[in-house]
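Start from the sequences, fold in the hints, and give me the full structure.
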Amino acid sequence: MNQPLPPAALNSLRSGPSDRGRFGEFGGRFVAETLMPIVLAVEQAYAEAKKDPQFQADLAWHLTHYVGRPSPLWFAERLTKRLGGAKVYFKRDELNHTGSHKANNCMGQILLARRMGKTRIIAETGAGQHGVATATMCALFGLPCTVYMGATDVERQAPNVFRMKLLGAEVKAVTSGAGTLKDAMNEAMRDWVANVEDTFYIIGTVAGPHPYPMMVRDFQSVIGEEAKVQMQAAEGRLPDVAVACIGGGSNAMGLFHPFLDDTSVRLIGVEAGGHGIETGQHAASLTGGRPGVLHGNRTYLLQDEDGQIIEAHSISAGLDYPGIGPEHSWLHDIGRVEYVSATDNEALDAFQLCTQTEGIIPALEPAHALAYVTKLAPTLDKDQIILMNLCGRGDKDIFTVAAHLGVKL
Amino acid sequence: MSRIAARFAALKADGRGGLIPFLEAWDPDGATSMALLRGMPAAGADLIEIGMPFTDPMADGPIIQAAARRGLIAGVKVRFILDMVREFRKDDQATPIILMGYLNPILSYGPQKFCEDAGQAGVDGMIIVDLPTEEADLMLPHATANGIDFIRLVAPTTDDVRLPHVLNGSSGFVYYVSITGITGTRSASSADLAAAIPRIRKVTDLPIAIGFGVRTPAQAAEASKVADAAVVASALIETMAAHLDEDGKAKPGTVELVLAQVRALADGVRGR
Ligand SMILES: Cc1ncc(COP(=O)(O)O)c(C=O)c1O
Chain Y
1 MNQPLPPAAL
11 NSLRSGPSDR
21 GRFGEFGGRF
31 VAETLMPIVL
41 AVEQAYAEAK
51 KDPQFQADLA
61 WHLTHYVGRP
71 SPLWFAERLT
81 KRLGGAKVYF
91 KRDELNHTGS
101 HKANNCMGQI
111 LLARRMGKTR
121 IIAETGAGQH
131 GVATATMCAL
141 FGLPCTVYMG
151 ATDVERQAPN
161 VFRMKLLGAE
171 VKAVTSGAGT
181 LKDAMNEAMR
191 DWVANVEDTF
201 YIIGTVAGPH
211 PYPMMVRDFQ
221 SVIGEEAKVQ
231 MQAAEGRLPD
241 VAVACIGGGS
251 NAMGLFHPFL
261 DDTSVRLIGV
271 EAGGHGIETG
281 QHAASLTGGR
291 PGVLHGNRTY
301 LLQDEDGQII
311 EAHSISAGLD
321 YPGIGPEHSW
331 LHDIGRVEYV
341 SATDNEALDA
351 FQLCTQTEGI
361 IPALEPAHAL
371 AYVTKLAPTL
381 DKDQIILMNL
391 CGRGDKDIFT
401 VAAHLGVKL
Chain D
1001 MSRIAARFAA
1011 LKADGRGGLI
1021 PFLEAWDPDG
1031 ATSMALLRGM
1041 PAAGADLIEI
1051 GMPFTDPMAD
1061 GPIIQAAARR
1071 GLIAGVKVRF
1081 ILDMVREFRK
1091 DDQATPIILM
1101 GYLNPILSYG
1111 PQKFCEDAGQ
1121 AGVDGMIIVD
1131 LPTEEADLML
1141 PHATANGIDF
1151 IRLVAPTTDD
1161 VRLPHVLNGS
1171 SGFVYYVSIT
1181 GITGTRSASS
1191 ADLAAAIPRI
1201 RKVTDLPIAI
1211 GFGVRTPAQA
1221 AEASKVADAA
1231 VVASALIETM
1241 AAHLDEDGKA
1251 KPGTVELVLA
1261 QVRALADGVR
1271 GR
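For the record, the sequence lines run as chains Y and D.
So the first sequence is residues 1 to 409, counted in this note's numbering.
So the second sequence is residues 1001 to 1272, counted in this note's numbering.
Heads up, some of the hints might be wrong.
Unchecked claim - Computed beta-carbon distance windows for the label pairs:
# : chain 1 : residue 1 : chain 2 : residue 2 : range
1 : Y       : 81        : D       : 1113      : 57 to 65 angstroms
2 : D       : 1239      : Y       : 338       : 48 to 56 angstroms
3 : D       : 1147      : Y       : 198       : 41 to 49 angstroms
4 : D       : 1165      : Y       : 197       : 18 to 26 angstroms
5 : D       : 1169      : Y       : 198       : 31 to 39 angstroms
What the hints assert, rightly or not - With the C-beta cut set under 7 angstroms, the calculated list includes, among others, these residues of chain D facing chain Y:
#  : residue
6  : 1055
7  : 1056
8  : 1058
9  : 1073
10 : 1075
11 : 1077
12 : 1129
13 : 1153
14 : 1155
15 : 1161
16 : 1165
17 : 1187
18 : 1256
19 : 1257
Just so you know, the hints here were simulated from the structure itself, not pulled from any lab data.
Where a beta carbon is used, it is the ideal one built from N, C-alpha and C, also for glycine.
Put into structure tokens, the structure is as follows:
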């Protein structure tokens, strides 16, 4: 007889994915046979590590003493006054070592790679934040590291390219396609196919074949878990709204997942609207795409009527991706999370507002989340609370922003 | 008997292995790739593989990536590839055609409709690179219902425990990816092939084709002897790519050059 599921799991939105790595109809393992055995090996190794108190303790120790967790929860008082509505709190993951939430996931995956006895690390990167975080962990543990980065991104994120090189990583510029995150991921997959024996692929977002979307979400969920406790301490209750930007969706999944069953909390994901959804030049997969298969999973994608993938556009290299993690596609279809978009220009305005009112230079990625917050907050009552994931700092973006403001550095 | 089974039976009766040349649909344009397809049987192709261009061919190296891009720039659509096969079948009822591609364009077309239309057009088999056995239920029932062989890839990383699982529900032939890597990069050694093929034979009676890294007549001869057929792709596409003008159009004589190369490979598998 089948064991009945405990009621909590039955009613929970947090129990996914299925054994096949599905969130509803999304997710799965759509990779070439050459990769299938290693993908299954990662799945098994992660399942064991997840249950192993030793692994969890090791991860927690490194997050505390190396990454610098917990990150603070900050009441953005001047910004709140300026917007004239709901109280705005920032979850300050930009204060992590390496300057973004990417460190949470990289630490988890490199500990897993070591546990599996892998001796070489590869990664893809868009903004360069995941590449820097990966290169950092590789320096820490003395593992050789190759990072694939689109040629366009190499240009617009030059400081991060230099950082990776200083950290000892080899940065390979990818010229196929538009030379952005999608192309970097293709090339990283090609490297992995040729080097499965010794290589571990640290994927930087909640995409890729199962178990990656689940595993990366688990490693990032520390964001939402901490925020929940911190919000209780600060306000004695849950926030009314939680907002995060979405490239592949890892910082958003990390913030949202611990709140999925708290139905009083509105969850809002902000995609990159580029030049505007109506122009077709954007990176809003849920708003402007339809389901398909890319990079190992079934999810919403920007594609033409013949199933060819369309290049995304965003001012932010980290959001410039034509897909989105499969769990988001599911949360979109069941209506648990709302997905909206913010344009390049709205993000630039928010970038400056944050800098001037709070003294925090945000990355262009969370500036998209903030752009939506600036619209939402004034429509809410003063006793309502918005929690926003400030998932990265903007030092890497000052050249891009200067160029848009017509300033020569 | 299916065209694929009939062809492998005939090859066996002849006492030789087969040659499976590959062409990318609409590389560099519809007319050129149609002419190439038409000319392949007379040049000695025993079966033919047609690549379906995709924007993100994750298992392919630079040579096939570029071919796919040329096809897409020329305006290829999934339905035009089926049109090519329909056109080919007007004068050739015997040479098996296998489509090789990635899942998303097929998913977008509709898995059931794709298999129905492909079956009617005269497609005999399909290989979907990013559809492993674990996800095969998406296509398998439709392929079977329309008489299309669902050909599986086996890789050096597919161990003995996994092998029967991978081959479960496969038909036509088994495609052995002879290297751990992408297309157009390395070639497997004779020793690797000599060890790998018997390992697969233990698990299946289906014919085995070797692909990835087969470039020369000598390599094709060896692969078709160790296994039952050899697939040659990147080497042929390289010839095509070397004879395009600045606008990416085929220069006069390009098709003939590629067909001459097919003929040399065919001589190889015939031991001439
Ligand atoms: C600071 C920052 N935020 C967000 C992202 C987007 O990724 P994700 O949606 O997975 O959080 C990136 C990616 O590079 C990033 O660097």
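Results for each hint:
1. 81(Y) - 1113(D): 57 to 65 angstroms: Taking Cβ atoms as reference, residue 81(Y) and residue 1113(D) lie about 58 angstroms apart, which means the hint holds.
2. 1239(D) - 338(Y): 48 to 56 angstroms: At 54 angstroms between Cβs, range holds.
3. 1147(D) - 198(Y): 41 to 49 angstroms: 43 angstroms, holds
4. 1165(D) - 197(Y): 18 to 26 angstroms: Given a distance of about 21 angstroms, which is inside 18 to 26 angstroms, the answer is holds.
5. 1169(D) - 198(Y): 31 to 39 angstroms: Given about 32 angstroms between the Cβ atoms, the range holds.
6. 1055: With Cβ-Cβ at 4 angstroms, under 7 angstroms, it holds.
7. 1056: 5 angstroms, holds
8. 1058: 5 angstroms, holds
9. 1073: Result: violated, 11 angstroms to nearest chain Y Cβ.
10. 1075: 10 angstroms, violated
11. 1077: 5 angstroms, holds
12. 1129: Nearest chain Y Cβ about 5 angstroms off; hint holds.
13. 1153: 4 angstroms, holds
14. 1155: This interface hint holds because 4 angstroms falls under the 7 angstroms limit.
15. 1161: Since chain Y brings no Cβ nearer than about 10 angstroms to residue 1161(D), farther than 7 angstroms, the hint is violated.
16. 1165: Violated, about 10 angstroms.
17. 1187: Where the cut-off is 7 angstroms and the nearest Cβ of chain Y is about 13 angstroms from residue 1187(D), the hint is violated.
18. 1256: It is violated, given that the least Cβ distance between residue 1256(D) and chain Y is near 30 angstroms, above 7 angstroms.
19. 1257: 26 angstroms, violated
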